[in-house]
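Student: Read off the chains here:
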Amino acid sequence: MTAPMGIFRGRGVALALIAPALAVVGLFFVAPLVMSGVVAFRGKGGEFTLEHFRKSFDYYTTDLLFTLAIVLLSTLLIGLVAIAIAGYLTLGGHPRTVAVLRWLYRWPLFIPFVVAGQLMRTFLAKNGMLNHVLIGSGLIEPLSAQSLLDWRGIVVAFVWKQAPFVTLLLAGAMAAVESQHIEAARNLGARRLRVLVDIVLPQVRGTLLVGLVLSFVTMLSVLSVPLMINPNSPTMVTVDVAYRISTHGDYPVANALCLLSLALAAIGAVFYLRHAAAQVEGK
Amino acid sequence: MSALPSSVRMIFRALILALLAFAIFGPLLNLLLWAFAERWYFPNKLPLEFGLTYWYRVFQPRGNALASLGTSVWIAVLTVAFSLAVAIPAGYALARLKLPWRGAILLVFLLPQAVPNLPVYVNIAQVFYQIGLNGTILGVVLVHASHGLVLAVWIASAAFASVDTSLEEASRNLGASPWTCFRTVTLPLAMPGLIASAIFVFLESLDEFTGTYFVGVPDVTTLPLLMFNATMGGNYQISSITALLLLIPSIGFMLVVERFLKADVLAMVGR
Amino acid sequence: MKTRMFILAAALAFAGATAGQTTLNVVTAGDQNMVDYVNNYLAPKFEAMNPGVKVRAVGTGPGDGGSQKIYEKLSAQQKAGSNEWDVDVAVIHQLASATMVKEKLLMPYRNDVSVGKLVSRDTAKNALGADVDGYVMPMFHSQIVFAYNPDLVKAPPKSFVELNDWVKKNPKQFGYNGVKGGMSGVGFVTGWVSAYSGMGDKLEKGPYDASAAPAIDKALSGLKEFNQYVVMTPGNAGTLDMLNRGEIAMGPVWVDMFYTWQADGRMSPKIKLVLPSPGLPGQPMYYVIPAKAAHAQLAKKFIELAESPEVQADGIIKQFNWYPGIDPQYVQPKLDQAAWNKLFTDISPADLSKYGRPFPLSPYFKDIVEGYERVVLK
Chain A
5 MTAPMGIFRG
15 RGVALALIAP
25 ALAVVGLFFV
35 APLVMSGVVA
45 FRGKGGEFTL
55 EHFRKSFDYY
65 TTDLLFTLAI
75 VLLSTLLIGL
85 VAIAIAGYLT
95 LGGHPRTVAV
105 LRWLYRWPLF
115 IPFVVAGQLM
125 RTFLAKNGML
135 NHVLIGSGLI
145 EPLSAQSLLD
155 WRGIVVAFVW
165 KQAPFVTLLL
175 AGAMAAVESQ
185 HIEAARNLGA
195 RRLRVLVDIV
205 LPQVRGTLLV
215 GLVLSFVTML
225 SVLSVPLMIN
235 PNSPTMVTVD
245 VAYRISTHGD
255 YPVANALCLL
265 SLALAAIGAV
275 FYLRHAAAQV
285 EGK
Chain B
37 MSALPSSVRM
47 IFRALILALL
57 AFAIFGPLLN
67 LLLWAFAERW
77 YFPNKLPLEF
87 GLTYWYRVFQ
97 PRGNALASLG
107 TSVWIAVLTV
117 AFSLAVAIPA
127 GYALARLKLP
137 WRGAILLVFL
147 LPQAVPNLPV
157 YVNIAQVFYQ
167 IGLNGTILGV
177 VLVHASHGLV
187 LAVWIASAAF
197 ASVDTSLEEA
207 SRNLGASPWT
217 CFRTVTLPLA
227 MPGLIASAIF
237 VFLESLDEFT
247 GTYFVGVPDV
257 TTLPLLMFNA
267 TMGGNYQISS
277 ITALLLLIPS
287 IGFMLVVERF
297 LKADVLAMVG
307 R
Chain C
191 MKTRMFILAA
201 ALAFAGATAG
211 QTTLNVVTAG
221 DQNMVDYVNN
231 YLAPKFEAMN
241 PGVKVRAVGT
251 GPGDGGSQKI
261 YEKLSAQQKA
271 GSNEWDVDVA
281 VIHQLASATM
291 VKEKLLMPYR
301 NDVSVGKLVS
311 RDTAKNALGA
321 DVDGYVMPMF
331 HSQIVFAYNP
341 DLVKAPPKSF
351 VELNDWVKKN
361 PKQFGYNGVK
371 GGMSGVGFVT
381 GWVSAYSGMG
391 DKLEKGPYDA
401 SAAPAIDKAL
411 SGLKEFNQYV
421 VMTPGNAGTL
431 DMLNRGEIAM
441 GPVWVDMFYT
451 WQADGRMSPK
461 IKLVLPSPGL
471 PGQPMYYVIP
481 AKAAHAQLAK
491 KFIELAESPE
501 VQADGIIKQF
511 NWYPGIDPQY
521 VQPKLDQAAW
531 NKLFTDISPA
541 DLSKYGRPFP
551 LSPYFKDIVE
561 GYERVVLK
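Residue numbers (the working numbering), protein chains in the order written: chain A, 5 to 287; chain B, 37 to 307; chain C, 191 to 568.
Chain A on its own, in the form it takes in the complex:
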């Protein structure tokens, strides 16, 4: 017999247990999503067409690429920040610093995206608080102050808002890494960075990946941050979706863009699926 699968057994039981949750998502999200998805393939007379996708690519290819680049870069930075903070929380040798850091990093978790957008818009602007502080402390000349309200602002807002989420997940996972492993390596004289990279990170790879995949797809669907910081060209696809709807009442192209955005999200999902498959085989 293979490894025990649990106290309840059988495929029927499994499906019954998962059915309510699947029903909720299926009824209240997937079905309406399909309803709007078909609009993207329907012409004026109701016939099948790819015209809306052609138009989407015609007008918004740059924005699609821009979106992907922004979200990938943000995901990468979120990962690095989360690893650094969670790593210090786990391995840091100075208890008071660890305590302060633990208290500090979480705050953006409680700030909704739309407010994060507003905060960054006033913080990163040319005459915003960041530049005031930099000029006031003599770090930059008043004339060299520049506005960060372009792709950089969007990235900053995303990292600021999402890094604590990934850090929280990651710090939890790191805390559970067998402390003997860490101790042993430390006793062998390994430096903390080495321990983090060679011993801790491989064991929490799964958690990190999940946090990053969740952040990746969430950022793809956030409208308020790009709308508040830089809705001009190039901008993110969510802005184009809102614009096609509110200025043109153009649901077909908006829905085509949504589906293309979903295709981008699938890139993140593929990573996750591969990882999940590797885990199953590894068991």
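None of these hints come from the bench; they were simulated from the model.
Ideal Cβ placement from N, Cα and C applies to all residues, glycine included.
Careful: at least some of the hints might be erroneous.
[Said to hold, decoys possible] Label pairs and their computed distance ranges (CB to CB):
1) E294/B / A453/C: 41 to 49 Å
2) H136/A / Q211/C: 49 to 57 Å
3) V201/A / T89/B: 51 to 59 Å
Given chain A's structure and the hints, the job is docking chains B and C onto it.
Tutor: What follows is chains B and C alone, placed relative to chain A:
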């Protein structure tokens, strides 16, 4: 690093912490300033005049801010309860039982997070009007739950995966029924993870406004709706005050549940 | 402990609802101050006149996005086959009103209310070329204007041609919000095309002629060059925001938003307005009644109140400094001269009637905005 004298390392540490604190609280300070600013414009780097005018405006009797805050919290609590109720069995099945299409099922839960959801909510509204769910708390809870379920299901599944199966087998060998075993062994051991997911679902619900508008308004209005409209219109005072108000339940909920939060459960997320 | 929290939250949640009352739902697009206006100014008056009625105002957000959300909610109820819709009075923009009349989401009411005779302006009958006669009444008129900081701009450009020269001498001092961030940017673009295509009248009055497209594209290519000298701002509020921080010296803004920002202390009282030749577009916000509003009779009474000369004078002009929705000759007698003059501090009535223009007809509008994406953004 260990070669450096400890005083240098201390300064280095303090510097990094200070920078991080600035990165986190700098933007938040703006929020605080705007919440109390009566007049603030170029070329003044700080508000010209502070006051409580906008607090009175938010709390005016006809403004219903407190009632909306109450509704928001109530919806968030119900969303957490509902999400956990369906996520616990689902998470258990995903973690422990043989499921066909396991990866695909996990991805279905991810969908609501992944799509720009404006066009989808229009269709949800239509369906909810047909079945009479529009304008009800239940309707809003269902929409929020479908959105937050990915967090609840993924983390619940991790929580169950981290429970040591030998403990369950011991309890079964002592003659416990499967249900008793689940109730007395598995569930308590997975509880910290479930509670961690509750935090995320709670925050998710408390931030949501698009779904609330299409399914709730005008009978159900929440504080994030007011905050969204004020922010988009550039009404920084009102938006900052509502954002501060929303911090109270968020942080409160986190503090209450954090006592149950043990780190080791989060380790299994994604395994 | 937990139960107590639940009960408390539940009590809070239902404290607002009072049994045995009729609730009139007013849903308004636009800024939060529109909600406040309905809640604080109109509602108490209306409730005093109609005992047992409670007015509930909800906002859907600024700009056409806000109006679109109202359209979507009504459309959902129409498709769902509901008999009583949950919106009694809506306040929407022109673009949405055209769609909503076409899709039979609105009820004609202007001939049923006594104040219906007080409006004669073209925009009361026609929204971007669509016939909306009888379905709408303007709540107030708004106008896109240039706001500028007189400390930085001594002699503001008085026309689009002057502006084009001015930005070259003062690069990165003019800011506008493109076409994706709200109508003040869109209005600037249509104003530019009117000015440089030389087809202003044709764009506004029609008839639509697809062969005008090259002229539109040519005007837009000039805008592409112009864009190199300006700052792109994040949205209607974003332009005001950058003016507030002194990052730009001039930009197109909605006059109603501008005054709100000034009243709320987010805009220096020194900032002034100018309306350039040959003009910038303006548009009203409309009061409309959904086709199957649950309380249509009350809704008509509500609009009677809101469009009365007294309320227009005291609420719209005195409190907000907005241009009235009904014809001025009915409002002016209800105001003292000082309050009336304040409305025209920066922009004279003569300039307003000469340079305040409607938006182009919707097919032209579409050509211009999509042309902007093709010609200017690529």
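Student: Is the gap between the beta carbons of V201/A and T89/B within 51 to 59 Å?
Tutor: This hint holds: roughly 53 Å between Cβ atoms.
Student: For the range 41 to 49 Å, tell me whether the beta carbons of E294/B and A453/C fit it or not.
Tutor: Cβ of E294/B to Cβ of A453/C: about 43 Å, so the range 41 to 49 Å holds.
Student: Starting from the range 49 to 57 Å, see whether the pair H136/A and Q211/C falls in it by beta-carbon distance.
Tutor: Since the Cβ atoms of H136/A and Q211/C sit about 51 Å apart, the hinted range of 49 to 57 Å holds.
Consistency note: the structure conflicts with none of the earlier hints.
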